[in-house]
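4 protein chains.
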Amino acid sequence: MRAIVKPSAGPGLEMVDVPMPKVGPDDVLLQVKATSICGTDLHIRSWDPWAAAHVRPPLVVGHEMCGIVVDKGANADGPEVGQLVSVESHVVCGRCRFCRTGKGHLCENTQILGVHRDGVYAEYVAVPAINAWPDPPDMPYSIASLQENFGNAVHTVSVPDVAGRKVLVTGCGPVGVMAIAAAKALGARLIVASDLSDYRLKLAATMGADITLNPTRDDVHGTVMDLTEGEGVDVLLEMSGAPPAIAEGFKALVKGGEAALLGLTSHPIQFDLDDNVIFKGASVHGIVGRKLWDTWYEMRGLLRSGAVDLTPVVTHRFALDDFEKAFDLMESGECGKVVMFPDPSDADGPLS
Amino acid sequence: MRAIVKPSAGPGLEMVDVPMPKVGPDDVLLQVKATSICGTDLHIRSWDPWAAAHVRPPLVVGHEMCGIVVDKGANADGPEVGQLVSVESHVVCGRCRFCRTGKGHLCENTQILGVHRDGVYAEYVAVPAINAWPDPPDMPYSIASLQENFGNAVHTVSVPDVAGRKVLVTGCGPVGVMAIAAAKALGARLIVASDLSDYRLKLAATMGADITLNPTRDDVHGTVMDLTEGEGVDVLLEMSGAPPAIAEGFKALVKGGEAALLGLTSHPIQFDLDDNVIFKGASVHGIVGRKLWDTWYEMRGLLRSGAVDLTPVVTHRFALDDFEKAFDLMESGECGKVVMFPDPSDADGPLS
Amino acid sequence: MRAIVKPSAGPGLEMVDVPMPKVGPDDVLLQVKATSICGTDLHIRSWDPWAAAHVRPPLVVGHEMCGIVVDKGANADGPEVGQLVSVESHVVCGRCRFCRTGKGHLCENTQILGVHRDGVYAEYVAVPAINAWPDPPDMPYSIASLQENFGNAVHTVSVPDVAGRKVLVTGCGPVGVMAIAAAKALGARLIVASDLSDYRLKLAATMGADITLNPTRDDVHGTVMDLTEGEGVDVLLEMSGAPPAIAEGFKALVKGGEAALLGLTSHPIQFDLDDNVIFKGASVHGIVGRKLWDTWYEMRGLLRSGAVDLTPVVTHRFALDDFEKAFDLMESGECGKVVMFPDPSDADGPLS
Amino acid sequence: MRAIVKPSAGPGLEMVDVPMPKVGPDDVLLQVKATSICGTDLHIRSWDPWAAAHVRPPLVVGHEMCGIVVDKGANADGPEVGQLVSVESHVVCGRCRFCRTGKGHLCENTQILGVHRDGVYAEYVAVPAINAWPDPPDMPYSIASLQENFGNAVHTVSVPDVAGRKVLVTGCGPVGVMAIAAAKALGARLIVASDLSDYRLKLAATMGADITLNPTRDDVHGTVMDLTEGEGVDVLLEMSGAPPAIAEGFKALVKGGEAALLGLTSHPIQFDLDDNVIFKGASVHGIVGRKLWDTWYEMRGLLRSGAVDLTPVVTHRFALDDFEKAFDLMESGECGKVVMFPDPSDADGPLS
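Chains as they are written, first to last, in my numbering: chain A, 1 to 352; chain B, 1 to 352; chain C, 1 to 352; chain D, 1 to 352.
Hints are computed from structural coordinates only; laboratory data are not their basis.
Just so you know, not all the hints are guaranteed correct.
Note that the list lumps identical chains together, so a pair holds whenever it fits in one copy or between two copies.
[Stated by the list, open to error] Below, computed lysine to aspartate or glutamate pairings styled on DMTMM-like, alpha-carbon distance capped at 20 Å:
{"id": "1", "residue 1": "Lys103", "residue 2": "Glu231"}
{"id": "2", "residue 1": "Lys251", "residue 2": "Asp17"}
{"id": "3", "residue 1": "Lys72", "residue 2": "Asp26"}
{"id": "4", "residue 1": "Lys255", "residue 2": "Asp198"}
{"id": "5", "residue 1": "Lys255", "residue 2": "Glu108"}
{"id": "6", "residue 1": "Lys22", "residue 2": "Glu80"}
This structure is a prediction, so every number in the text was calculated from the model and none was measured.
When you get a sec, could you build the whole thing from the sequences and use the hints?
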């Protein structure tokens, strides 16, 4: 079958022919219908230090997808052959202390598809049956593929209490704008969003931001203070990893407020624990992955009820064969989510 | 009456004669029985940048004390004349959003005794009646004086969940060792304490630390990992403000763990949000002051039940007239809490 | 001034002339602009056992209102003369353990306007300044009068976590329908409402209920199960106090769910702790009054942002002189909130 | 092998010879070293309505045990052959919504050993490997057997916040006295215990109750009020299921307090929701089973650290062959936990 692989240590990806995956006794075999690009995939293509430290080529890459169950191992419970499923990309052990106490997202033995084991940029992939999350048969493939990434957004939004509260979202990449939609659906009273890209701010507004600010020309702090009677926002959702946004975000947080941090800074930064956390009496929460499986149930509810519509987030579709173009677009930042289709006839919208 | 004042902008303190305080309609007048020294008082004596920015001389300094009610304003409810009371040093407005929603410790209009208004290193002081906390008549004056500071410890310990959990306390100054005692009383299963001073580590052990470590010769990380089956501690109580201790503390924190930060770093530091907070899925809580008045009730319970005995924390007693010696000792770090008595015959132990 | 009083123990109310209220040093004097009727007022008029046990005539009755500050005591902080305010009807001591620890709604010394001290069915009333909650000057009087009662609804909804969850509201009286609006605004994904009155169910739908059910002809349990994939609702808001509704509500609650109870049963009932609470692993929360002052801030946000519009809840307006007609209508149940105006020219809608 | 079975619908148990259990691919085979009697087993012996409704004979009964792993299925992870393990008696599906969201104790497909599938009163039993909890090799068999039941106690105590608080435990059967020990270890400041049996109250005192009260001669309410400055206890742990104890317990609960209910009432009771829950602003939590697997980790910590010593709870030991005597003693109530040994030479104390 065709698959996109990292052939050896170094920059670049290749589409090559690889053997069909083996289906273990607890696995399901999935025919990939749609697969989307995450920032992590860009790092793997460019082979940055993080990729060099974590990826052992050769490896099929990619971890966001939906597909149809076409085979099952002998012990595999769960979705039946023919079922449309989205995939949780973190394969966890189910036996460590974290897995056993509702913290599977922190499992010590996590294997991520497309990072630690063969991924989903392929015609077929085998995953543990428990990682295959049943979708309604009429869910568009591009939306189904997005769920894993939407889960990062939902996890971030669900940790602080946003209901009825004022929220600042710093960073309006795909996860940021999906967090905006989730915060809106979960009752946030005011959502202010900031980003350096006007393209992304426009998407943020579409997804539910009440106010969008570009720090290159807007006074984020002043605007927030005007909007909050001088108090600041109740909740900061930090989705950028950019030190100036982090500084701005904490400055805008009300005393006693809550911050949820998802954006990675990639290296230590100058950070004022006194003013940002201690004097402020703030609570700061680190977010990683999706809560297994609370986040998936929460996503299901938000999508099925119509409280969140992810359609606008999918801005571009490509044939998987055109992955280089898709990756280049993603690098440019002038897009929302970019979805690829191994079989172009599966595309649920016009291909770029 | 005699009082210790900061006479003008610049280093030093003086004992001088000042007028008796005026007693407002909602105030009580207290005869000071004992008063203790806090790190803040050292900053004010040495006139460091923080002091220069916050203190407007001339001012009576000091904020930890106990005393006897000797007069009351016309509207003053609360303790009766003759009652022994400890004093909450934060005079809050009771009307701002924070005061009205159980976050009085974050009041925007806070006036701290000895910082923003006349303090307690004096024979008498007037404070709002609501700031005067009734003590049992037989509580030793030195213990009663400590409560305000003990409250910082109790507040810190009460924010994360320590019951049945493994705790690391970085920094064993007076608040640190009182936090150890509070954590022990609230059910912590294992308490590891670190400090650079062996004097303080000895006090930490007396107050309930199971293991004491001096980073100048002990492997803090390795020891914590050995004691926790390689997982790390559930809770970090950071009481030092020292960047190496902060780094060590977060490194030793289990994934999904909780940190409560009280120690001030005084300036921005290099901090790895990725490893310390985000990848770890940690929650980090800033601690300031005492919760008004939850912390005081919690303290009352811990002291009355005998669950916490603060006696060993009071290592030295001085006449208030000898304040320079008392301050010098406090600067040396070779002490726990240092208590001063305006009337030496009130001392509940031998004077130094 | 004119006021509606309970002249002596026994049924009935009278409009009589009474002296102007005295304004204490911490009080504000309010000119009443609008006042609304609560179920409690009906009990006081009819002099049921609860009223006989709690009310000591003669007394001006009524506790829901808004008005304009016309005078202030010497120590009274807070709203200025000319300010429109709503009134918190629970006058609390501010000094007991409950008041001091964020549980003022449970104050042991609570004095309720119109129950324990003179109330608001009058031209003027004096209340502690802290009980006068500033409103925007353009808030309609009828809405401003409703806030105290809306606060019961907001308090109920804020205790369980409704964001993104499925909710059943049993009982669609005024507080019930306002709870529906609050739950909607705070992100509830599905709201099912039940009541015996079709009039009230219609109002429930207007205020945001997705599904309205009348147990006299609808299968509440079956419908809930159909709507929740056989699991039940995540949250029960019990606003009726009616034993059959309570039984139905708990039966429809998912295992591990949360119930908030506001409706009073007036006497012990048959209750199955095993099935309703223990086997279900449920959490059940009793709701009384409004959280002081968290609930008021939450209300302010919900109203100012437009997330909740209470306009449809005000179904009838009367001159205060016509209070007997207003009370009779309220007894009939064929209404939402009934608002009365001491000065009919203040009415913000046609009088009945 | 020998096993105690319920041969057919009706009273009584028999020791008979049954085939060795089959070991499924995910199972471990355990040689039973010790097994203890729970109230449920008494219901099954006497064949009360609950047993008649839930048990399908013939069936090996019993569900509390420890044993040694003697064989493993092909897919079975977890404990190795030769390992001492305790057994979680609830075999859950791992796939339903409850299992997937940290609420495995509410799993819809729960199979309980000795109730829905063959149990542990036998020489051998096969259980899923994940249900076999590794113990230190030197843990006494009687203590290891108790853990499943101790878990009920730990779960109950862990739901409300007991650290630093005043607690009333109504009902001092085995689970009640283990809850007392857990509450003590988790920092409860005061533990009051009530029961009708002086034998049990004595055990309660041994396990850590500060005050023990027998309602047949002591004034429970008055004593609690004296001990709590007239406020009541912060936490009620209801372990009896007896209506008078439930009434007394709620009456003694402070306003805003928390109750955790484990004791089953077996049928609806008269319950005053107004006074017990609503006016009180109380939170009431139903407790079932053990949290999978948080409770087991918490137990491990409490036992390994020495914070809880269960030794005094084991009051009697019997050979499994003498099960009728053991059951009769358990029926009498004049005992703590009764442990039986299939091989009497495994007994860790004198046999009765």
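Status of the hints after comparison with the structure:
Taking the closest pair of Cα atoms, lysine 103 and glutamate 231 come within 20 Å of each other only across two copies (14 Å); inside a single copy the shortest separation is 34 Å, beyond that limit. With identical chains, the CA atoms of lysine 251 and aspartate 17 are never at most 20 Å apart, being 52 Å at best within one copy and 43 Å at best between copies. In this assembly of identical chains, the alpha carbons of lysine 72 and aspartate 26 lie at most 20 Å apart whether taken from the same copy (8 Å) or from different copies (18 Å). Taking the shortest alpha-carbon separations for lysine 255 and aspartate 198, neither the intra-copy value of 30 Å nor the inter-copy value of 37 Å comes in at or below 20 Å.
For a Cα distance limit of 20 Å, the shortest separation of lysine 255 from glutamate 108 across copies, 9 Å, qualifies, whereas the shortest one inside one copy, 35 Å, does not. In the homo-oligomer, the alpha carbons of lysine 22 and glutamate 80 lie at most 20 Å apart inside one protomer (18 Å), although the nearest pairing across protomers, at 28 Å, exceeds that limit.
Comparing the model with each earlier hint shows violations of hints 2 and 4; every other hint is respected.
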